[in-house]
Amino acid sequence: MNQLDFIIQNIQGVLFIENFAFRNKLGIASKINETVNNLFDGDPTILDLPPEAPLEIPRIQLKDSKPAYSLNFCANRIDFFYNDPGKPEKKLSDLRDEYINYFSKIVTLVKYEYHLSTPRLAIILKAVSDIQTGANSFLQENFLGRIPFFGETHTLEIHALEKRQIREFDINRWFRIKTARTPTGRDDILFVEIDINTQPEKPRDFGKEEISDFCINSLEFAKENFLNCFGVSL
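Its first residue numbered 857, the sequence shown is counted upward by one per residue in my numbering.
Derived by calculation from the structure, the hints in this document are not laboratory data.
Just so you know, not all the hints are guaranteed correct.
Said to hold, decoys possible - Once the Cα atoms are required to be at most 25 Å apart in a straight line, the calculated SDA-like pairs of lysine to any residue come out as:
#, residue 1, residue 2
1, Lys881, Pro907
2, Lys887, Leu860
3, Lys1019, Pro907
4, Lys961, Pro900
5, Lys947, Glu1013
6, Lys967, Pro910
7, Lys982, Arg1037
8, Lys887, Cys930
9, Lys887, Asn928
10, Lys961, Glu1066
11, Lys947, Ser960
12, Lys1079, Asp953
13, Lys967, Phe876
14, Lys982, Cys930
15, Lys1034, Glu1065
16, Lys1058, Ile1022
17, Lys1064, His971
18, Lys919, Glu874
19, Lys946, Gln988
20, Lys967, Gln865
21, Lys1058, Asn932
22, Lys967, Gln917
23, Lys947, Lys887
24, Lys1079, Ile1045
25, Lys922, Phe876
26, Lys881, Gln865
27, Lys947, Ser1068
28, Lys1034, Tyr968
29, Lys881, Asn894
30, Lys946, Val892
31, Lys967, Ile1022
32, Lys1064, Ala877
33, Lys919, Gln868
34, Lys919, Leu948
35, Lys961, Asp1061
Could you put the whole structure together from the sequences, leaning on the hints where they help?
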């Protein structure tokens, strides 16, 4: 298998919550920022939406001035992102501890200040690698067995769902591999996304320590998946 060198594009931690009533959005935004030591020093976005608006539309959006870290607070979920395209050399080991530290503070606020139920959790990690021998041929050789039908494809995508357990968590693991091209048309980019989420058919109110364990174990599980699939870690 060709030597790959994955760099982190995005880390996304998700807390699925019960329908949350936003009574003081500015106060909530300020409290979140205080909790993470004023990480979100960019201008906040506060949306005053009607009650019938879809729950998935963020009511509060926070970001830092870079922006590398951001947070979306919806009525039914909270998403905490790391996404810093200006630092392409970043590896998971460079980001893991800081990300977990911030995410843990947000979880503490959610569980102990707002007393929100968190019936589902997710960690999504996206990475990219250059591949000089061609991304499409790489996928064909290593995963499709050079089936002639796929020989002239412009892009290829592989999606795989596995249901399993990591520690005490029953999870879905989506593993997605996608080829891409440069603006000049060169076929030398490989995108990979791993989405680890607790199974919706087995909800329970996860506590703070359980959420912390899920985050740590999921990031470690993601590293193992990259190693098992590609022979390289993150």
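For each hint, the structure was consulted:
1. Lys881 x Pro907: At roughly 14 Å apart (the allowed maximum being 25 Å), proline 907 and lysine 881 satisfy the hint.
2. Lys887 x Leu860: Cα-Cα ~42 Å, so violated.
3. Lys1019 x Pro907: violated (35 Å)
4. Lys961 x Pro900: holds (19 Å)
5. Lys947 x Glu1013: holds (24 Å)
6. Lys967 x Pro910: Given pair lysine 967, proline 910 holds - Cα atoms ~24 Å apart, limit 25 Å.
7. Lys982 x Arg1037: Distance ~17 Å between lysine 982 and arginine 1037 Cα, so the pair holds.
8. Lys887 x Cys930: Given pair lysine 887, cysteine 930 holds - Cα atoms ~16 Å apart, limit 25 Å.
9. Lys887 x Asn928: With Cα atoms ~14 Å apart, lysine 887 and asparagine 928 stay inside 25 Å; holds.
10. Lys961 x Glu1066: holds (14 Å)
11. Lys947 x Ser960: holds (20 Å)
12. Lys1079 x Asp953: Distance ~15 Å between lysine 1079 and aspartate 953 Cα, so the pair holds.
13. Lys967 x Phe876: Between lysine 967 and phenylalanine 876 the Cα gap is close to 13 Å, so the pair holds against 25 Å.
14. Lys982 x Cys930: Measuring from Cα to Cα gives roughly 22 Å; hence the hint holds.
15. Lys1034 x Glu1065: violated (34 Å)
16. Lys1058 x Ile1022: Cα-Cα ~14 Å, so holds.
17. Lys1064 x His971: holds (11 Å)
18. Lys919 x Glu874: Roughly 23 Å separates the two Cα atoms, so the pair holds.
19. Lys946 x Gln988: holds (20 Å)
20. Lys967 x Gln865: violated (29 Å)
21. Lys1058 x Asn932: holds (17 Å)
22. Lys967 x Gln917: holds (20 Å)
23. Lys947 x Lys887: Violated, because 30 Å separates the two Cα atoms, which is more than 25 Å.
24. Lys1079 x Ile1045: Holds - the C-alpha atoms of isoleucine 1045 and lysine 1079 are around 20 Å apart, at most 25 Å.
25. Lys922 x Phe876: Roughly 29 Å between the alpha carbons, so the hint for lysine 922 and phenylalanine 876 is violated.
26. Lys881 x Gln865: violated (30 Å)
27. Lys947 x Ser1068: holds (21 Å)
28. Lys1034 x Tyr968: Given pair lysine 1034, tyrosine 968 is violated - Cα atoms ~40 Å apart, limit 25 Å.
29. Lys881 x Asn894: Holds, at roughly 17 Å.
30. Lys946 x Val892: Holds, at roughly 22 Å.
31. Lys967 x Ile1022: holds (23 Å)
32. Lys1064 x Ala877: Cα-Cα ~21 Å, so holds.
33. Lys919 x Gln868: Holds, at roughly 14 Å.
34. Lys919 x Leu948: holds (21 Å)
35. Lys961 x Asp1061: Between lysine 961 and aspartate 1061 the Cα gap is close to 18 Å, so the pair holds against 25 Å.
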